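Go ahead and model the full structure; you've got the sequences and the hints to work with.
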Amino acid sequence: MDAEQFMVKSDQELWTRLNMDVERFKNMPPMLTQAYTNIFLNQKNRPKGMSYFNDCVANIHTGRIDELMAAKGEGKPVVGTFCVYVPEELVVAAGGICVGLCGGAQGSIADAEKILPRNICPMVKSAFGFKVGGICPYFQAVDFVYGETTCDAKKKTWELLDAYVPTHVMEIPQRKGARDKALWLEEVKEFKTAVEKVTGNQTGHDEIAGAIRLINDKRRALQRLNTLRHHNPAPISGLDMLLIEQIAFYDEPGRFAGKVNELCDELEKRIKSGSSVAPATTPRIMVSGTPMALPNWKLHNIIEKSGAIVVNEESCIGTRYYKDLIDESSTTVESQLERLTDRYMQIDCSCFTPNNERMSQVVKEYRESGAQGIIDYCLQFCHTYNIEAVKLRQVCEKEGIPFLAIESDYSPEDVGQLQTRIEAFIEQIQG
Amino acid sequence: MKPLLLTEFEKMRDQNLMELTAAHSAGRKVVGTYCLYTPAELIVAAGAIPVSLCGTRQAPISAAEKYLPRNLCPLIKSSFGSAVTDTCPYFYFTDLLVAETTCDGKKKMYEILGKIKPLHLMQLPQTQEGEDSFHYWYREVVRFKSRLEEELGTTISYSGLKSAVQLLNEERQALADLQDVCKHIPSPISGVDLLAVLHLRNFFIDKREAILMLNRLTAELRDMCSAGSSPFRPDAPRILLTGVPVGTGSDKVIRIIEESGGSVVCLESCSAYKKVAPVDESLEPLTAIAKKYLLTPCSCMSPNNGRLELVARLAGEFAVDGIIDLTWQACHTYNLESFTLQQGLQKHHDLPFLQIETDYSEGDSEQLRVRIEAFLEML
Ligand code: SF4
Ligand code: SF4
Numbered sequence: 001m002d003a004e005q006f007m008v009k010s011d012q013e014l015w016t017r018l019n020m021d022v023e024r025f026k027n028m029p030p031m032l033t034q035a036y037t038n039i040f041l042n043q044k045n046r047p048k049g050m051s052y053f054n055d056c057v058a059n060i061h062t063g064r065i066d067e068l069m070a071a072k073g074e075g076k077p078v079v080g081t082f083c084v085y086v087p088e089e090l091v092v093a094a095g096g097i098c099v100g101l102c103g104g105a106q107g108s109i110a111d112a113e114k115i116l117p118r119n120i121c122p123m124v125k126s127a128f129g130f131k132v133g134g135i136c137p138y139f140q141a142v143d144f145v146y147g148e149t150t151c152d153a154k155k156k157t158w159e160l161l162d163a164y165v166p167t168h169v170m171e172i173p174q175r176k177g178a179r180d181k182a183l184w185l186e187e188v189k190e191f192k193t194a195v196e197k198v199t200g201n202q203t204g205h206d207e208i209a210g211a212i213r214l215i216n217d218k219r220r221a222l223q224r225l226n227t228l229r230h231h232n233p234a235p236i237s238g239l240d241m242l243l244i245e246q247i248a249f250y251d252e253p254g255r256f257a258g259k260v261n262e263l264c265d266e267l268e269k270r271i272k273s274g275s276s277v278a279p280a281t282t283p284r285i286m287v288s289g290t291p292m293a294l295p296n297w298k299l300h301n302i303i304e305k306s307g308a309i310v311v312n313e314e315s316c317i318g319t320r321y322y323k324d325l326i327d328e329s330s331t332t333v334e335s336q337l338e339r340l341t342d343r344y345m346q347i348d349c350s351c352f353t354p355n356n357e358r359m360s361q362v363v364k365e366y367r368e369s370g371a372q373g374i375i376d377y378c379l380q381f382c383h384t385y386n387i388e389a390v391k392l393r394q395v396c397e398k399e400g401i402p403f404l405a406i407e408s409d410y411s412p413e414d415v416g417q418l419q420t421r422i423e424a425f426i427e428q429i430q431g
Numbered sequence: 001m002k003p004l005l006l007t008e009f010e011k012m013r014d015q016n017l018m019e020l021t022a023a024h025s026a027g028r029k030v031v032g033t034y035c036l037y038t039p040a041e042l043i044v045a046a047g048a049i050p051v052s053l054c055g056t057r058q059a060p061i062s063a064a065e066k067y068l069p070r071n072l073c074p075l076i077k078s079s080f081g082s083a084v085t086d087t088c089p090y091f092y093f094t095d096l097l098v099a100e101t102t103c104d105g106k107k108k109m110y111e112i113l114g115k116i117k118p119l120h121l122m123q124l125p126q127t128q129e130g131e132d133s134f135h136y137w138y139r140e141v142v143r144f145k146s147r148l149e150e151e152l153g154t155t156i157s158y159s160g161l162k163s164a165v166q167l168l169n170e171e172r173q174a175l176a177d178l179q180d181v182c183k184h185i186p187s188p189i190s191g192v193d194l195l196a197v198l199h200l201r202n203f204f205i206d207k208r209e210a211i212l213m214l215n216r217l218t219a220e221l222r223d224m225c226s227a228g229s230s231p232f233r234p235d236a237p238r239i240l241l242t243g244v245p246v247g248t249g250s251d252k253v254i255r256i257i258e259e260s261g262g263s264v265v266c267l268e269s270c271s272a273y274k275k276v277a278p279v280d281e282s283l284e285p286l287t288a289i290a291k292k293y294l295l296t297p298c299s300c301m302s303p304n305n306g307r308l309e310l311v312a313r314l315a316g317e318f319a320v321d322g323i324i325d326l327t328w329q330a331c332h333t334y335n336l337e338s339f340t341l342q343q344g345l346q347k348h349h350d351l352p353f354l355q356i357e358t359d360y361s362e363g364d365s366e367q368l369r370v371r372i373e374a375f376l377e378m379l
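Going line by line, the protein sequences match chains A and B. Oh and the first sequence: position 128 is 128 in my numbering, straight run, nothing missing. Oh and the second sequence: position 167 is 167 in my numbering, straight run, nothing missing.
Calculated from the structure, these hints are not laboratory results. Predicted model, so just to flag it, every value in this text is computed and none were measured. Note that beta-carbon positions come from the ideal geometry of N, C-alpha and C, so glycine has one too.
Under the rule of at most 35 Å between Cα atoms (straight-line distance), these lysine-lysine pairs were calculated in the DSBU-like manner: (1) A/LYS181 <-> B/LYS291; (2) B/LYS275 <-> A/LYS114; (3) A/LYS398 <-> B/LYS115; (4) B/LYS252 <-> A/LYS391; (5) A/LYS181 <-> B/LYS145; (6) A/LYS48 <-> A/LYS9; (7) B/LYS275 <-> A/LYS181; (8) A/LYS189 <-> B/LYS292; (9) A/LYS176 <-> B/LYS275; (10) A/LYS176 <-> B/LYS115; (11) A/LYS181 <-> B/LYS292; (12) A/LYS197 <-> B/LYS347; (13) B/LYS29 <-> A/LYS391; (14) B/LYS252 <-> A/LYS114; (15) B/LYS115 <-> A/LYS364; (16) B/LYS66 <-> A/LYS176.
Computed beta-carbon distance windows for the label pairs: (17) B/GLU65 <-> A/ASP206: 52 to 62 Å; (18) B/GLU151 <-> A/GLN346: 23 to 33 Å; (19) B/ASP364 <-> A/GLU413: 15 to 25 Å; (20) B/ARG143 <-> A/ASP206: 33 to 43 Å; (21) A/GLN394 <-> B/ALA59: 17 to 27 Å; (22) B/PRO118 <-> A/ARG393: 16 to 26 Å; (23) B/ASP14 <-> A/ALA424: 46 to 56 Å; (24) A/GLN394 <-> B/ASP86: 17 to 27 Å; (25) A/GLN346 <-> B/PRO118: 27 to 37 Å.
Computed footprint of chain B on chain A; a stretch qualifies when at least three of its residues, placed anywhere within it, have a C-beta under 8 Å from a C-beta of chain B: (26) 109-120; (27) 149-160; (28) 179-191; (29) 340-353.
Rendered as structure tokens:
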């Protein structure tokens, strides 16, 4: 698609129906259009298959919302989540739609700070601000949101969010023993019940089996894509990969998986023909740490504008979301839920203590992606990732992996400073 | 106008350390704790000495910042700093550390601390609601019991547990009685002195002796009330301080309030009033212990309605004029809960409320003084 053609669409009538602050929100699409054009559409030799994902961005405030509203009209549940620990399979099994509501924009933070403290994670503030300001169509469309007790900032924010939108909370334990699993399984069942309340029906084995397969397919497609992007020279940019990973949280899963697989076919051809987005000598960087919610492209943008390429995201927005699958062979609902819980308990988020699995996972992904250095990304005030970076640094030192820890928020203020540090890091890994 | 017994408490500082050294050489075990959720009864029943290692001083913070991120709460950095520099004699003597997954910063700090000394981590549920939560926590209490037995080479008997419950309940009663004296108008003791006593009590090796001294101090304070003796004028604004844990060394805000003419009559914090709820002696002890500790109204719980109830009740009982909510910098749970607390209090009581966010350093003292003076004037 040409840069001139691309436009994030508007639909003021729809937004009015959703009871949004339309006057304010109407500035959002043009802003996004501009940011997206600058950051994405000017990249060189982009794969053709990216055009679907361009469309996803163009329809982010309109077409996809229409789909959510249509599903709602048919009595299907639409559930908002903030975390890869909440099992979307159970929403899909009930015929519904699960959307990630994590905030990635600076624009809503001032709204949040009227209520929330300033010095907490920008992702939490951004999301909360979107609801309070009435400037996120997804927040307006959901039947309810399902929070979790993964971190201090989130769990205490849910107490406040409940005043604006019905908010249920899943208690996530902080360890992975047998008793933790038992506790978690109960929470999973409660989630299932909450979703079923919307439909008025119980979801049975076949529906759950179908949903597990569907979401597994989506995760498999992302795994396949991630393996292909590891190729050197890279057939796709880190920015585009990040975008796809972000879209995974709100697009229709079946269609999404199909389009990702089509893109993979194209990348395979590219690899064969030697077509790439950057020469093989380009410094390769892996990003680890905290998630990047749409439209948070700040770090990738800085890295790739500085002449390096991002080859892996060890993050909730990256591999943590798709590296594990659910066993598909269960014959009863009970065992489906148990295996689902098993799968979710493998996610190695820093909210767990200890979280040693993550250390070896990072090293493994580093090796597999052919990266030359790791930039550990910590959203400001996220204590768990910030402290875990201390351990990660030790591991990387031992393994001889160049390591840079950065802490940042959504404001543009530190871009210059980050750029300087990242450029120095790139020089260092080039040797 | 200070109570005479205060100097005796001060003197105990050195004596306690001597006693600890002696007890340690005699083979007594010492268990270090960081939090009100630690079931101290089990430690006492195991024949060990519990000591609180929660950092309240600024000095070790710079050492901690060599390892940990800077923007953590000062309490975490201070605790870690005194461990890593080995400057805390109490830490030095501990055989086992006990910690809980109360907040993000602490739970991840403990991973690193656990490399310095054996550390037992209790997994605390994040809600007090529901049977599942209770059972989960009950099993954690049992697991702690086994770890203590194993680590200290002893068995904790039913009767031992029963008498530990009684002993600590007695201590709680003594602590409650002491703090209740401040309901008198004007309070016979300053908040700074009260906190010093509560802090020093942590390090008593002999619980009986602590109870005795606390009771004597309470009696002396009651006499002072009858004699009309107090460091405050009767019309000094009465303040309830809620929020994060405070201790000697991190009492900056209490000092400033009282230097500005206020009287801190009630501390709803871990070392003070939050601590006094007893263990139910009529129940099987492990169940009773698990119940009591889980109900501790800390902001790490979600929801944490217990804290609002407690603050509201204490505000009435202590006839306070205003509430100051203290948040350590980078403590997300207390920081976020401040909003809920203020709203809740406003709904039921029309009490002036001020949130203060600070750390252990003196850098912002003057600025705080200005805000606190303005608040007191308004009362
Ligand atoms: S990045 Fe950290 S602070 Fe932010 S939501 Fe995730 S775990 Fe919580
Ligand atoms: S004050 Fe807050 S951040 Fe600090 S240890 Fe306590 S709960 Fe954690």
